[in-house]
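**Student:** The chain contents come next:
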Amino acid sequence: MDVQKHSVHTLVFRSLKRTHDMFVSDHAKSVALDEERNPSEGGVHSMALALPPSQARHDTSRTGASVSDIHRHAGGAERSHAHSTSLMEGGGTRNSALTRKAPTMPKPQWHPPWKLFRVISGHLGWVRSIAVEPGNQWFVTGSADRTIKIWDLASGKLKLSLTGHISTVRGVAVSSRSPYLFSCGEDKQVKCWDLEYNKVIRHYHGHLSAVYDLDLHPTIDVLVTCSRDATARVWDIRTKANVHTLTGHTNTVATVRCQAAEPQIITGSHDSTIRLWDLIAGKTRVTLTNHKKSVRTLVLHPRQYTFASGSADNIKQWMFPDGNFIQNLSGHNAIINTLAVNSDGVLVSGADNGTIHMWDWRTGYNFQRIHAAVQPGSLDSESGIFACLFDHSESRLITAEADKTIKVYKEDDTATEESHPINWKPEILKRKRF
Amino acid sequence: MRLIFLSQDQLEAEERLRVQKSYSTALVSSHREPPPYGHRKGWVPRSLEDFADGGAFPEIHVAQFPLEMGRRKKTSNALAVQVDAEGKIKYDAIARQGQGKDKVVFSKYTDLLPKEVLNEDTPELQKPDEEAVKELTEKTRLALEKQVSQKIAAAMPVRAADKQAPAQYIRYTPSQQGVAFNSGAKQRVIRMVEMQKDPMEPPRFKINKKIPRGPPSPPAPVMHSPSRKMTVKEQQEWKIPPCISNWKNAKGYTIPLDKRLAADGRGLQTVHINENFAKLAEALYIADRKAREAVEMRAQVEKKMAQKEKEKKEEKLRELAQMARDRRAGIKSHGDKGGEDSEARERDEIRHDRRKERQHDRNISRAAPDKRSKLQRDQERDISELIALGMPNPRSSSEAQYDQRLFNQNKGMDSGFAGGEDETYNVYDQPFRSGRDMASNIYRPSKNIDKDAYADDLDTIMRTSRFAPGKEFSGADHGQRRDGPVQFEEDPFGLDKFLEEAKQHGASKRPSTSSRSKDDYHDKKRRKE
Numbered sequence: 001m002d003v004q005k006h007s008v009h010t011l012v013f014r015s016l017k018r019t020h021d022m023f024v025s026d027h028a029k030s031v032a033l034d035e036e037r038n039p040s041e042g043g044v045h046s047m048a049l050a051l052p053p054s055q056a057r058h059d060t061s062r063t064g065a066s067v068s069d070i071h072r073h074a075g076g077a078e079r080s081h082a083h084s085t086s087l088m089e090g091g092g093t094r095n096s097a098l099t100r101k102a103p104t105m106p107k108p109q110w111h112p113p114w115k116l117f118r119v120i121s122g123h124l125g126w127v128r129s130i131a132v133e134p135g136n137q138w139f140v141t142g143s144a145d146r147t148i149k150i151w152d153l154a155s156g157k158l159k160l161s162l163t164g165h166i167s168t169v170r171g172v173a174v175s176s177r178s179p180y181l182f183s184c185g186e187d188k189q190v191k192c193w194d195l196e197y198n199k200v201i202r203h204y205h206g207h208l209s210a211v212y213d214l215d216l217h218p219t220i221d222v223l224v225t226c227s228r229d230a231t232a233r234v235w236d237i238r239t240k241a242n243v244h245t246l247t248g249h250t251n252t253v254a255t256v257r258c259q260a261a262e263p264q265i266i267t268g269s270h271d272s273t274i275r276l277w278d279l280i281a282g283k284t285r286v287t288l289t290n291h292k293k294s295v296r297t298l299v300l301h302p303r304q305y306t307f308a309s310g311s312a313d314n315i316k317q318w319m320f321p322d323g324n325f326i327q328n329l330s331g332h333n334a335i336i337n338t339l340a341v342n343s344d345g346v347l348v349s350g351a352d353n354g355t356i357h358m359w360d361w362r363t364g365y366n367f368q369r370i371h372a373a374v375q376p377g378s379l380d381s382e383s384g385i386f387a388c389l390f391d392h393s394e395s396r397l398i399t400a401e402a403d404k405t406i407k408v409y410k411e412d413d414t415a416t417e418e419s420h421p422i423n424w425k426p427e428i429l430k431r432k433r434f
Numbered sequence: 435m436r437l438i439f440l441s442q443d444q445l446e447a448e449e450r451l452r453v454q455k456s457y458s459t460a461l462v463s464s465h466r467e468p469p470p471y472g473h474r475k476g477w478v479p480r481s482l483e484d485f486a487d488g489g490a491f492p493e494i495h496v497a498q499f500p501l502e503m504g505r506r507k508k509t510s511n512a513l514a515v516q517v518d519a520e521g522k523i524k525y526d527a528i529a530r531q532g533q534g535k536d537k538v539v540f541s542k543y544t545d546l547l548p549k550e551v552l553n554e555d556t557p558e559l560q561k562p563d564e565e566a567v568k569e570l571t572e573k574t575r576l577a578l579e580k581q582v583s584q585k586i587a588a589a590m591p592v593r594a595a596d597k598q599a600p601a602q603y604i605r606y607t608p609s610q611q612g613v614a615f616n617s618g619a620k621q622r623v624i625r626m627v628e629m630q631k632d633p634m635e636p637p638r639f640k641i642n643k644k645i646p647r648g649p650p651s652p653p654a655p656v657m658h659s660p661s662r663k664m665t666v667k668e669q670q671e672w673k674i675p676p677c678i679s680n681w682k683n684a685k686g687y688t689i690p691l692d693k694r695l696a697a698d699g700r701g702l703q704t705v706h707i708n709e710n711f712a713k714l715a716e717a718l719y720i721a722d723r724k725a726r727e728a729v730e731m732r733a734q735v736e737k738k739m740a741q742k743e744k745e746k747k748e749e750k751l752r753e754l755a756q757m758a759r760d761r762r763a764g765i766k767s768h769g770d771k772g773g774e775d776s777e778a779r780e781r782d783e784i785r786h787d788r789r790k791e792r793q794h795d796r797n798i799s800r801a802a803p804d805k806r807s808k809l810q811r812d813q814e815r816d817i818s819e820l821i822a823l824g825m826p827n828p829r830s831s832s833e834a835q836y837d838q839r840l841f842n843q844n845k846g847m848d849s850g851f852a853g854g855e856d857e858t859y860n861v862y863d864q865p866f867r868s869g870r871d872m873a874s875n876i877y878r879p880s881k882n883i884d885k886d887a888y889a890d891d892l893d894t895i896m897r898t899s900r901f902a903p904g905k906e907f908s909g910a911d912h913g914q915r916r917d918g919p920v921q922f923e924e925d926p927f928g929l930d931k932f933l934e935e936a937k938q939h940g941a942s943k944r945p946s947t948s949s950r951s952k953d954d955y956h957d958k959k960r961r962k963e
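So the protein lines, in turn, are chains A and B.
Numbering-wise (my numbering), the first sequence opens with residue 1 and increments by one.
Numbering-wise (my numbering), the second sequence opens with residue 435 and increments by one.
Because the hints were derived from the structure by calculation, they are not lab data.
All C-beta atoms in this analysis are idealised placements derived from N, C-alpha and C, irrespective of residue type, glycine included.
Where hints are given, some of them may not hold.
Sample of chain B residues facing chain A (criterion: CB under 8 angstroms; computed from the structure) [unchecked claim]:
no.	residue
1	E550
2	L552
3	K561
4	P562
5	E565
6	K573
7	P600
8	I604
9	R605
10	M634
11	E635
12	I645
13	G648
14	I674
15	I678
16	S679
Here are the simulated DSBU-like cross-link-like pairs (lysine-lysine), alpha carbons at most 35 angstroms apart as the crow flies [what the hints assert, rightly or not]:
no.	chain 1	residue 1	chain 2	residue 2
17	A	K283	B	K535
18	A	K293	B	K522
19	B	K643	B	K673
Given these sequences and hints, build the entire structure.
**Tutor:** Structure representation (structure tokens):
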């Protein structure tokens, strides 16, 4: 595809200049060359954003992907280098013989809207965490009533209740490599349950305060837990040894994610930073300080080498392995407790006030907002989402809520692009400082 | 002038002095400026000013420290300004101070600008391929295993002695070669063996010492605008008042009452009383009223019924009385109708009425004998009651009555009213004449009335049985038992029948005299008795 790669802002801003675009594509008209700039740089400038001149200088340093793209798609014959921006700056253009294409705005992919189709009640306290087993037969929830319940995914019926924690169960995870279920709670305990006997077989002792989240490494038999004592700990599952203690955060570490590629551990904390860790050394590789408020949730994209973090100010997307900032997803003005992402590119953010926003991952278009009603008998203020997760088939979204229910959502099959049109108005005028 | 054979050095020194002198005698002596190139022979820069614009003099073979650069003694935290490949100053050197140069640190403004919307297929967004991931996994796993085993081994105190690695042989070529060293040999072979570790040896070093933590890694640059300043108003909004418990007061603080009650929230809530209370009250009131009305009505109805009943009974009695009267009157009317003049009739009527009244009174007194007569009642009243009722007032005479104490006094005008004494009761001169006079005015028969007539023997006289009617004297025929003083025998002469007939024809035939009717009435009465 020979589409110009620009940020959303650039392209939309340019698309406003309709008349100019019409004339720009006129081959016969010769456009003045700016003698100041080198021809080689002219190409770079043409790729630059539609910014006031002062910012253009900054953008030249961001050659990065754009220049390499130019070189990759060789010749530049098909590239239209002369654009309205370069003319605005008085910048140089290449030969007028080159074809110029009008800039195309990236259109968000259409996703069908999601609707509630099942409410499962049974817990006696807030439902704080969810995990789905690898075979997609059942899922586990941990709750503030100190129990862990196993539910059948297809029917929503309760299969098993496990007790053992003495305080809220904050995190659950099911291992794909062994028949184990891991749970962590506010009582500083991290337990390993053997699902063949439904008993606790191991405790991982070492945290000094409530353990807020845990995650399993996909390829190594290692468990990572994060806690209110501002550390994350890496445990060897078999020997219960604390392999690494990842220190560096200055406040509660609220969320942790593990992946097989570098960086292997990512943590988000209430000191509003995200740290990417080197698991071998047990040290921080990169610290991302873009958020202004506590980072309560992280999610790794299943296909891409990117991840997203959610906090009360906005949701940010980042690139691996260095944590380069991609874009902001703003609009969900609430404390975001949880994020979940689909292979189709649907990002779900669940907030503390009970609202769910559905976003298109690539463009950041919010295509749906849901606020499900609370279970009858609950107060309206008891509406909040603590965890949300797609099942392995990615067709069902399971949310754990503050009104003690588990809600299951599915895509609305009857909706089409005409019935739920994309209404995308990206922000172009005001350039926010992030 | 003596010719002195000077050495080379001395000649040079002389020259130097001459040069120096020539310079020191110059009019404009700026000894801060170093001498120009070519004229520096013999000159040594000693102070900082000698360097002027800086720069050491390579031809002067003296250690020089222009701008104090190069001296090793002072430790400063000044960071040297670095320039990157494009010639721009690297300002993020400050942010990268303590870290390796290839550590990722975001410090530029461009790092927080959103990037272009990338197509999904771009290579940056693709995950690293399987092989790389596997390699990394393996590496990580090994490293972690090593760590774990180290930790566990450290935890286990005694175990079998470690197997030593086999001996290593090293071929070493020393640098100092010669016949004297190494007994002429060019190379040496060294056998290296790991030293045996005593498995029972306790730890050599103390690890219970607590040392302060080292400095953390340098803080990462903050990639967002500073938080908005909080206005005073917003800060006030978040103020939480101190908790004043209604139950506990651990430190025994004396807290003013308004603060104690403030926490209650009484003033903040408006008390909403359910309107059903008012409705209930109203309903109760209405029900009460209705019940009362119903009861009243019922009472009234009952009263009416009772009244009716009473009236009916009275009617009945009246009828009976009327019948009885008629019966008597029937006989009486025989005698009355016969042409007597109206005066006699009037007189008779009057007598009749008076007799009737007397009978009525007698009947009443007989009916309720314990009811005292009016007279008896008045006798036993208190004097104040009598006064209130307006009973015989002895002062009812029309003539003016004077206080008798005024008469026949020889005291004179200055005599007051008993000298102002108010203990004595001297309002009236005479007592009220109610008790004594009235008592004496009214005839009150005493109990022993019959004493006068029968001389205390009333009881004995009453009990005599001399005058028993049934007592017979000899020779008298045995009469029937008497049920009264006069016993009537069976009507031998048919007088009753005769009387009956007379009554039936009474209206037209003979009028009977009142005396006779009286007798009849008495006879009948006796008979009834």
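**Student:** Decide, hint by hint, whether the structure agrees.
**Tutor:** Cross-check of the supplied hints:
no.	hint	in the structure
1	E550	holds, 4 angstroms
2	L552	holds, 7 angstroms
3	K561	holds, 5 angstroms
4	P562	holds, 5 angstroms
5	E565	violated, 12 angstroms
6	K573	holds, 7 angstroms
7	P600	violated, 29 angstroms
8	I604	violated, 31 angstroms
9	R605	violated, 35 angstroms
10	M634	violated, 25 angstroms
11	E635	violated, 24 angstroms
12	I645	violated, 16 angstroms
13	G648	violated, 11 angstroms
14	I674	violated, 19 angstroms
15	I678	violated, 26 angstroms
16	S679	violated, 25 angstroms
17	K283(A) - K535(B)	holds, 16 angstroms
18	K293(A) - K522(B)	holds, 34 angstroms
19	K643(B) - K673(B)	violated, 44 angstroms
The structure fails to meet hints 5, 7, 8, 9, 10, 11, 12, 13, 14, 15, 16, 19 from the earlier list, while all remaining hints are met.
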